[in-house]
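2 protein chains.
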Amino acid sequence: MSGEVKQPLFDTITVVGVGLISGSLSLALKEKGLVRKVIGVSRTEETTQKALALGLIDEALPIEQAVPKSDLIYVAIPVDVMMPVTQRILDLVTDKQIVVDAGSTKHALCEFLAEHPMRRRFVASHPMWGTEYSGPEAAVHNAFVGRTCVICEKEKSDADAVAKVEEMYRALGMHLIYMDADSHDMHTAYISHISHITSFALANTVLEKEKEEDAIFELASGGFESTVRLAKSNPAMWVPIFMQNRENVLDVLNEHISQLRKFKACLEKENYGYLLQLIEDANKIRRIIK
Amino acid sequence: MSGEVKQPLFDTITVVGVGLISGSLSLALKEKGLVRKVIGVSRTEETTQKALALGLIDEALPIEQAVPKSDLIYVAIPVDVMMPVTQRILDLVTDKQIVVDAGSTKHALCEFLAEHPMRRRFVASHPMWGTEYSGPEAAVHNAFVGRTCVICEKEKSDADAVAKVEEMYRALGMHLIYMDADSHDMHTAYISHISHITSFALANTVLEKEKEEDAIFELASGGFESTVRLAKSNPAMWVPIFMQNRENVLDVLNEHISQLRKFKACLEKENYGYLLQLIEDANKIRRIIK
Numbered sequence: 612m613s614g615e616v617k618q619p620l621f622d623t624i625t626v627v628g629v630g631l632i633s634g635s636l637s638l639a640l641k642e643k644g645l646v647r648k649v650i651g652v653s654r655t656e657e658t659t660q661k662a663l664a665l666g667l668i669d670e671a672l673p674i675e676q677a678v679p680k681s682d683l684i685y686v687a688i689p690v691d692v693m694m695p696v697t698q699r700i701l702d703l704v705t706d707k708q709i710v711v712d713a714g715s716t717k718h719a720l721c722e723f724l725a726e727h728p729m730r731r732r733f734v735a736s737h738p739m740w741g742t743e744y745s746g747p748e749a750a751v752h753n754a755f756v757g758r759t760c761v762i763c764e765k766e767k768s769d770a771d772a773v774a775k776v777e778e779m780y781r782a783l784g785m786h787l788i789y790m791d792a793d794s795h796d797m798h799t800a801y802i803s804h805i806s807h808i809t810s811f812a813l814a815n816t817v818l819e820k821e822k823e824e825d826a827i828f829e830l831a832s833g834g835f836e837s838t839v840r841l842a843k844s845n846p847a848m849w850v851p852i853f854m855q856n857r858e859n860v861l862d863v864l865n866e867h868i869s870q871l872r873k874f875k876a877c878l879e880k881e882n883y884g885y886l887l888q889l890i891e892d893a894n895k896i897r898r899i900i901k
Numbered sequence: 612m613s614g615e616v617k618q619p620l621f622d623t624i625t626v627v628g629v630g631l632i633s634g635s636l637s638l639a640l641k642e643k644g645l646v647r648k649v650i651g652v653s654r655t656e657e658t659t660q661k662a663l664a665l666g667l668i669d670e671a672l673p674i675e676q677a678v679p680k681s682d683l684i685y686v687a688i689p690v691d692v693m694m695p696v697t698q699r700i701l702d703l704v705t706d707k708q709i710v711v712d713a714g715s716t717k718h719a720l721c722e723f724l725a726e727h728p729m730r731r732r733f734v735a736s737h738p739m740w741g742t743e744y745s746g747p748e749a750a751v752h753n754a755f756v757g758r759t760c761v762i763c764e765k766e767k768s769d770a771d772a773v774a775k776v777e778e779m780y781r782a783l784g785m786h787l788i789y790m791d792a793d794s795h796d797m798h799t800a801y802i803s804h805i806s807h808i809t810s811f812a813l814a815n816t817v818l819e820k821e822k823e824e825d826a827i828f829e830l831a832s833g834g835f836e837s838t839v840r841l842a843k844s845n846p847a848m849w850v851p852i853f854m855q856n857r858e859n860v861l862d863v864l865n866e867h868i869s870q871l872r873k874f875k876a877c878l879e880k881e882n883y884g885y886l887l888q889l890i891e892d893a894n895k896i897r898r899i900i901k
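Protein sequence lines correspond, in order, to chains A and B. Our numbering puts the first residue of the first sequence at 612, with every later residue one more than the last. Our numbering puts the first residue of the second sequence at 612, with every later residue one more than the last.
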């Protein structure tokens, strides 16, 4: 539970994918003395060099050399490549090692790994923190603090592996919750994936209109920035998330369009009493966000 | 252009409506030594008492007593009451005084005041700054800095009145742009009003789903908070804005729904190439917001 520990929790970890999430994780673990050494695995030399220069990793190695040296392997890569890469890592680990993912979808991955002989060394997790930026330069200090981390299918992982992962996330200041993979995907469709779609669509709405006009750019105020911020998010990350969570996202998107149509109908029919009611309903979100 | 002045720009101003905008304006003018005294006019004793306690105003008076004592009268109230109140103030002023509004819509007000004998003492403005909170407690220090302020129909106001208002906004750190009232209303529909509707609708989408389930509240991360923050905004302010800017808002809302339908069609047809393209298009918003 405490943020400070005497003994490192891990001697060596490998982060597979060296970007926003694993870079921020690495910074946090190092700053808290929870790890002695971080090895980075990346597809590109450019990313590796940046991560070394930024102090996110201590060494860069190919995955086959990195895994055997590591107590824990943390996989934070787009969800379309998560399945083959995680499988490959599980093929390499012993029952003393732990593999954790940080993916934004859980059903497809958990199903894919279900029959792997080393499944019990894998812990499916999703730290609910991120920004609209990606790559090693996007890594920040003091990430994760006060946020929730979801652990899925806890019962399918070895107890010692889960305990270590829980200790790690708690040391970063995260609050843990547990759910099955399907529940995770349904909830994240509502709380994260739809926010990205509305931001992308809002950006396109404005950009479409303002092809010829620059005035709008000067007018953009805090409210606009807030609602459209996520539209800067990386398509290489988000297309695979929407693919894997297609049915849940479609459900929420249909609901969202129908909610927008209520606002449209109020304006068309000049039914301002109902418009007031819709906004008062929306104000109840204060219950969730302070 | 400078933030510091030797001589106060105004001896006494009156703020009509004592909330987020006028409270923040008052704080900024006082801190920069731009005004000696601020009188507040409010419909409720409770608001008046809070504003006095918070140091936003120095004295509270009825509008008829406040106006004659003031060099400038700043009106920041919901746009449904803006027209009669601004008219009443113009009925009271001399050609040595200035009346400014801070309303989020401009066409209806400018049209309403067009034939008023004192129209030239009125400057139509819209500082593009705000938060989702309202009331005197919502007032903050250092508001407005770096934001844009729109001045409409500059040519219909006396040059000395415009010059004073420009000097005031520039002293607060604002950048000024000029447009006609119709252009203002069209642009703000895109850059501000639609953001509020998407936030309200997103809040209702999530709240509708999560009536029975609490898990989602724990999962809410920064991205969700960002897109849904504006859903906390005050309906008493926003219903009148949507009423007055109904046609522009409907245009943008229709466009936004059609943009969302493109995302929906991509998912339904599993056309991920086009989905990637839509997201890459949305990324171009980086041009507008850093």
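Heads up, some of the hints might be wrong.
[Stated by the list, open to error] Computed list of lysine to aspartate or glutamate pairs in EDC-like fashion (alpha-carbon distance at most 16 Å, straight line):
no., chain 1, residue 1, chain 2, residue 2
1, A, 765, A, 722
2, A, 707, A, 771
3, B, 895, A, 771
4, A, 843, B, 866
5, A, 680, A, 670
6, B, 873, B, 836
7, A, 820, B, 866
8, B, 820, A, 862
[To be verified] Computed footprint of chain A on chain B; a stretch qualifies when at least three of its residues, placed anywhere within it, have a C-beta under 8 Å from a C-beta of chain A:
no., stretch
9, 652-661
10, 669-682
11, 687-698
12, 724-734
13, 737-743
14, 829-843
Don't read these hints as lab results, they were simulated from the structure. Ideal Cβ positions, reconstructed from N, Cα and C, are used throughout, including at glycine.
Hinted pair residue 820/A and residue 866/B, Cα distance within 16 Å: holds (9 Å)
Restraint status (C-alpha distance of residue 843/A to residue 866/B at most 16 Å): Violated, at roughly 20 Å.
Given hint residue 771/A paired with residue 707/A - CA-CA distance at most 16 Å: holds (9 Å)
Per-stretch coverage check for the stretch 737-743 of chain B, three Cβ contacts closer than 8 Å to chain A: Answer holds; 5 residues pass the 8 Å Cβ test.
Coverage of the stretch 829-843 of chain B by chain A, judged on three or more residues with CB within 8 Å: holds (count 15)
Check of the stretch 724-734 of chain B against chain A for coverage (Cβ-Cβ below 8 Å, three residues minimum): Contact hint for the stretch 724-734 of chain B vs chain A: violated, 0 residues under 8 Å.
Given hint residue 722/A paired with residue 765/A - CA-CA distance at most 16 Å: holds (14 Å)
Straight-line alpha-carbon gap residue 680/A to residue 670/A, limit 16 Å: holds (12 Å)
Agreement of residue 873/B and residue 836/B with the hint, judged by alpha carbon distance not exceeding 16 Å: violated (24 Å)
Given hint residue 862/A paired with residue 820/B - CA-CA distance at most 16 Å: Roughly 11 Å between the alpha carbons, so the hint for residue 820/B and residue 862/A holds.
Given coverage of the stretch 652-661 of chain B by chain A, tested with a Cβ cutoff of 8 Å and a minimum of 3 residues: violated (count 0)
Given coverage of the stretch 669-682 of chain B by chain A, checked by CB-CB distance under 8 Å (3 or more): violated (count 0)
In summary, the numbered hints that this structure violates are 3, 4, 6, 9, 10, 11 and 12.
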